[in-house]
Amino acid sequence: MAEVFFYLLAALAIGGGVGMVTRKNPVGSLLFLVLTLASLAGIFVLLDAHFLAAIQVVVYAGAIMVLFLFVIMLLNLGHDYQPDIRGGLWMVMGFALSGLLGGILAQRFGGGGELTGALLPVAGGPGAVRALVEEHNAVGAIAGPMFRDYLVPFEVTSVLLLVAIVGAIVLAKRRI
Amino acid sequence: MMLAESLVLSAILFVIGTFGVLVRRNAIIIFLCIELQLNAVNLAFVALSQYVGIEGQVFVFFVMTVAAAEAAVGLALIIAIFRHYETVNVDQFNLLRS
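Residue numbers (our numbering), protein chains in the order written: chain U, 1 to 176; chain G, 1001 to 1098.
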C-alpha cells in the first residue's frame, strides 16, 4: 500500500517539476512547484518525517510560495507570456550537463548500490527513526536533538533570519 | 523503507531543477528551480535519516530556514534589479559586458 502511494506521489512530483520548467506563465510555473512541494510532503509522511511534512506544507508551500507569488504580482509578470526558454546551444548544454549530473547520481544512488550497502550496518538500522517517533511522538523526536545537541545552530538561525529581514528591506525599499 | 526509490526521485528532481536553471531566462523561475533543487536535497536527507538517525531531519529543518531567508533576500534583489532594468530577463543584465 505504501509503495502505491509512494509511486503516485513521485509521479505527481516529477510531473510538477517538468510542468514548472516548461510553463511560459510564471504563475502557472509556481503552481506546478506547489504541486511538487505538496507531493514531497506526502512522501515525507511515508518516510516517517511527519513534522517535516507539516512544516513543508505550512512554510514552503504556504509562506515561501506566497512570497514568490506576491513578487510576481508586484512586478506584474502574471500576463507576460513571451517564451523565455533558451534554444540552440543553451538547450544542448542544458541537456548535456543535466544528463551528466543524472548519470553520476544514478550511478551513486540507483538500485541499492554501494551507498545503500555501506549505510545499512550503521547506527540502529532502518527502524531506528520509526521507533524514536513511536516513543516520543512526531514533534518530540525532532525537538529533543534540536534543543539539546543543536541549540547553538538553532539560535544562529534566528540571527540569520533577522539579518535576512533587514537585508530584504534595505534592498527592496526605495529610500530608507 | 524505500531508500533507493527516494534517492532516485531526489536525483530526478535535482536534475530537473538544474535543467531549469540552465534553460530559463526569467529570473524568478530560475529561483523557483533552485527551490526545487533544495527540496530534492531535503528528500535525500529525509530518506537517509531513516537509516542514519534523526539528525538528518534536524538538518532539513535548518535547510528550510535558510531557504526562507534566501528567498526573501533573493526576491528583494530581483525587485531592486527590476526597478533599474524594467525586466527580469537575465539576458538583459549585461552592464558588465558592454
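For the record, the hints were derived by calculation from the structure and aren't laboratory data.
All values derive from a computational prediction rather than experimental measurement.
Cβ coordinates follow ideal geometry from the N, Cα and C atoms, glycine included.
Check the hints yourself; a few may be wrong.
The calculated SDA-like cross-link candidates involving lysine to any residue, where the alpha carbons are at most 25 Å apart (straight line), are [said to hold, decoys possible]:
1. U:Lys173 / G:Tyr1085
2. U:Lys173 / U:Phe70
3. U:Lys24 / G:Ala1004
4. U:Lys173 / G:Asn1094
5. U:Lys24 / G:Leu1022
6. U:Lys173 / G:Leu1022
7. U:Lys24 / U:Trp90
8. U:Lys24 / U:Gly87
9. U:Lys24 / G:Glu1086
10. U:Lys173 / G:Thr1065
11. U:Lys173 / U:Val159
12. U:Lys173 / G:Leu1077
13. U:Lys24 / U:Leu77
14. U:Lys173 / G:Ile1081
15. U:Lys24 / G:Ala1080
16. U:Lys24 / G:Val1066
17. U:Lys24 / G:Tyr1085
18. U:Lys24 / U:Leu35
19. U:Lys24 / U:Gln82
20. U:Lys173 / G:Val1066
21. U:Lys24 / G:Thr1065
22. U:Lys173 / G:Val1090
23. U:Lys24 / G:Arg1083
24. U:Lys24 / G:Thr1087
25. U:Lys24 / G:Ile1030
26. U:Lys173 / G:Gln1037
27. U:Lys24 / G:Gln1092
28. U:Lys173 / G:Glu1086
29. U:Lys173 / G:Gly1053
30. U:Lys173 / G:Ile1012
31. U:Lys173 / U:Leu161
32. U:Lys173 / G:Phe1082
Here are the computed distance ranges between Cβ atoms for each label pair [said to hold, decoys possible]:
33. U:Gly127 / G:Val1063: 20 to 30 Å
34. U:Leu101 / G:Val1052: 16 to 26 Å
35. U:Gln82 / G:Asn1094: 11 to 21 Å
36. U:Arg174 / G:Phe1062: 53 to 63 Å
37. U:Val18 / G:Arg1083: 27 to 37 Å
38. U:Ile169 / G:Glu1086: 32 to 42 Å
39. U:Arg148 / G:Leu1096: 42 to 52 Å
40. U:Arg148 / G:Val1090: 16 to 26 Å
**OP:** Taking the numbered hints from earlier one at a time, note which ones the structure violates and give those numbers from smallest to largest.
**Re:** 3, 6, 16, 21, 26, 29, 30, 36, 38, 40
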